[in-house]
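Given next are the chains, with one letter for each unit.
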Amino acid sequence: MKLIALDSSGLVASVAILEDDILRAEYTVDYKKTHSQTLLPMLDEISGMISLERSEIDAVAVAAGPGSFTGLRIGSATAKGLGLALGKPIIEVPTLAGLAYNLFGADGLICPIMDARREQVYNGLYRFEGSQLITLQDQRALAVAELAEELNAMQEDRVILLGDGVAVYRELLDRLLTVPHLYAPANCSRQRAASVGAYARTLYEQGKAVPAERHAPIYLRLSQAERERAAKGGAHEQ
Amino acid sequence: MNGHTDILAIETSCDETAVAVVRDGREVLSNIIYTQIKLHTVYGGVVPEIASRKHIEKINYVVQKALDEAGSSLDEIDAVAVTYGPGLVGALLVGVAEAKAIAWAAQKPLIGVNHIEGHICANYIEHPSLKPPYLGLVVSGGHTHLIIVKDYAEFEILGRTVDDAAGEAFDKVARAIGLGYPGGPKIDAAAKEGDPGAIAFPKAKVNGSAYDFSFSGLKSAVLNYLNHARMVGEKPRMEDVAASFQKAVVDVLCEHTVLAAKERQISEIALAGGVSANSALREGMRRAAGEAGCRLFVPSPVYCTDNAAMIGVAAYYEYQKGVRSGWDLNAVPGLRLGER
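Going down the list, the protein sequences come from chains P and A. Quick note, the first sequence lines up with residues 0 to 237 if you use numbering that gives the first Met the number 0. Quick note, the second sequence lines up with residues 0 to 339 if you use numbering that gives the first Met the number 0.
What the hints contain is simulated information worked out from the structure, not anything from laboratory work. In this text, all values refer to a predicted model and were calculated from it rather than measured experimentally. All C-beta atoms, glycine included, are put in the ideal place defined by N, C-alpha and C. Hints are supplied without guarantee of correctness; some may be wrong.
[To be verified] A short, non-exhaustive set of chain A residues, derived as facing chain P with CB atoms under 7 Å: (1) Y60; (2) K99; (3) V331.
[Claimed, not checked] Cross-link-like lysine-lysine pairs, in silico, BS3-like; alpha carbons within 30 Å at most: (4) P:K1 / A:K107; (5) P:K32 / A:K107; (6) A:K37 / P:K231; (7) A:K171 / A:K37; (8) A:K185 / P:K231.
Just chain A, same shape as in the assembly (with noise of 0.2 Å):
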């Protein structure tokens, strides 16, 4: 509406009420993240009913505070983004109905996003050189994914979890070492403070398939190791658990990655998602693509976990190629990546 191409982005897909203003795909006018994450930690993970009530308190306050931080009203809108899945459905219809409310008063163009998508576009925030086709490793709670972005907006998929995703996983054992939740920062901090080789996890292979994950074998792993240890009257470390369990998830995904890259000729690997935040994955990474040849992108950790901007970059794109929703638009809680 005034050269650019501005949009409203909304984000409700798990326990963060997110709302943003992203110009021209690339350019963050607002990024207001309100996190309810001390509501949950009492119940050591997310409650979808709590998650789904704070969000209707809330959301109206984060849209607006996003458009006056933006400086923007909806007149200046060219269209409103919201995420529709994967997540919590409760949580995800939230935003949805909201989004689509605000779309159809103000008259504007709707795009239903993709929560995986976003995770990926988040690279795009802060480093304007990277452009497909590069390599994708999108790791946080509830996803774990290793694609190819061969286009904007356009993905093939190389491997993906069997089971857990990473972050469930650091969230589980955060838990059985006594760190609550939520597991991944608390982790990453304890296993500073330990010896990543005092303790030879397993890397677990899923048969078959070189780019595929499997996270809950080395979460048994780790919970037997912690009952044998009880049982003969040992009392390990819990920084050293906390350090050699971290490596054990960063080596798997460095090296699936690395070889993603070297037999699919690809140069250039982005991370995202929010166990993208962890240090030890960024420095794994950083090294392993460095000697691999390979030039690694990584967003701050702001844009690692859940946030609306990287919802409205997604929809940029998906709005360039002429992507629109319509009023039926619903949440699709296990909506994968690449479906419409």
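Chain P extracted, bound-state conformation (with noise of 0.2 Å):
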């Protein structure tokens, strides 16, 4: 099967072309530029490498959210457009799974973290049995405080650390954390959509495309002016 992989997640925006078990393109680029700007020229450049034939294409993985509202948007319309153009259904990855799916294979706790501002992070607790991802906590929002008490608290060997949360809250994490813990290097430490296809095509075979008219991001937080107006009605209730 052929898969288009993207993820605009965050900071970094990556494309990949995955066929079965090769990694045919990918293309990945952390830097300043919007995703709005770089996520279709990539896709086009390694396209044209590999001669791609669009035709081909089964289905389009996107890193699903949670991330910044705006980058999961730029991926779910572009998942979307390709899915609409070549009549191919969508594989939502939830972005921390796709993020954990770095770690094949890795012994300990996976533990990917993704800043959310607002002092919090986006986060999901994982662990592979055998080539197995294992969700052990779903994706979530929380304080980095929090998080550590809970990773502290769960006593593991060891828990490794990978995301762009990592380099806003290292030594908070460093400060906080009582138990055993490393930090992914830089060839698997932020999103991949490498790794979103890789993963995606477990999902493609447990059935879990949807159509692509369906998707929409998982955002996991209200927009701010939906909880400003829960906010004040609550207090109108009291």
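Assemble the dimeric complex from its two separately framed chains, guided by the hints.
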């Protein structure tokens, strides 16, 4: 099967083309240009490199969230446009599970963190059992201190941290964590579309693709206006 | 692909998810609009993040419906067009990313279109005789532009608002007199029951520029009038306030337009944008243009408010000129008319 995979959920813009067990091409950029300017030119470039026949694509995988709201929508709208034009489904990969897949087969608790602003991180907790990615804790937004407390209580032999949240919270984590922990190196520390695509393939085999028109990002948070309105409504009820 | 040039056009600059198929720049084969107005009403205006979220949920359904209703498929489309500015950046980005991906996957040319240019071009849909040069007045929630359309896709800006757009003033005044959102149609309806001569609101002039507009002073004058009435215990008829405010806006728009027509010796005037659906503006401009010996063109209300058919029309003329956008096309929230 042939897959296009996209991740523009965070600082990284990444695209990949996979064919069965082979990564045909991948292009990953972590730079200040907006994803709107980079994502499709990158896809166009790698497609040209491998003379991709667009009609041969079977599905489009996308890091579906959480992440930057705008970044997620650029990835999702790109995936939806591709899905519509090619008549193919979308495989929604939870962003944090996609990140965890960077560390396939690792021994230990995998703890990806993405900077979620407002002093929180997006995080999920994962472990590999054989070749299977097990989700111990679904992705959510929480305070770093809260996460550290959770990790300490789990008493794991080792915790592997990765994601763009590391750059922001590494000092704090070193101070708070009492369990052995290490940080992933540059080759696997941030979003990679190849990981999104590889994990997507396992989801696809489980029948988890959705029609392109039904896909929407997983934000994990309401918009600010909705939060404020809910807060006001709560105040009225008291 | 069939002897015609068929363009698939996408518009998501504000709170309408809109897609159309337009043939040869003049014939609308389909024009689908999913409006989010109800979602934003409780907030008293468009919430950008909510608008963006709704666009991404709806976009493929609207694209598919536009193709189906046109009896078309992507194979038969010659180019994909999309509004890339001005507008809300998050909302624009949904349409831009979607259009780029469709064009790339279907191997079609991509054309980025200016939203204001789209509004002007809405006039070509129903007025086959309208051809440049002519005078254009674009009035909407975000824009107030008085321009000369020198040629297809070529503009000279004579005047613009220095503060609030005309539609913005309608929204703010509607909120102040308790009519709610969206202000344009609500003030239009209330004004029909009111006396436009009841209150003399000021018609703001911009120093040194006969063609520019200013509406924030007028808005303040309405608010001051309401405050004063409250302090002295009077209850003004809101219908009169609406009618008098509306008259002040319409008078200024008509005066500047007719002045430009006389000074630049142009005999055809085209109205465009959401506010041109306002019945008092349509009537007032018809009268003013008639008195000045000018011919007036106004789109049907459905082509005044945001739609993608107008984007498909504008794209056709850009396409004819050889304009093509790259895969790096980005949303430009502050895009100006005539810029690329």
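Going through the numbered hints above, which ones does this structure break? Give me the numbers in ascending order.
Hint 3 alone not satisfied by this model.
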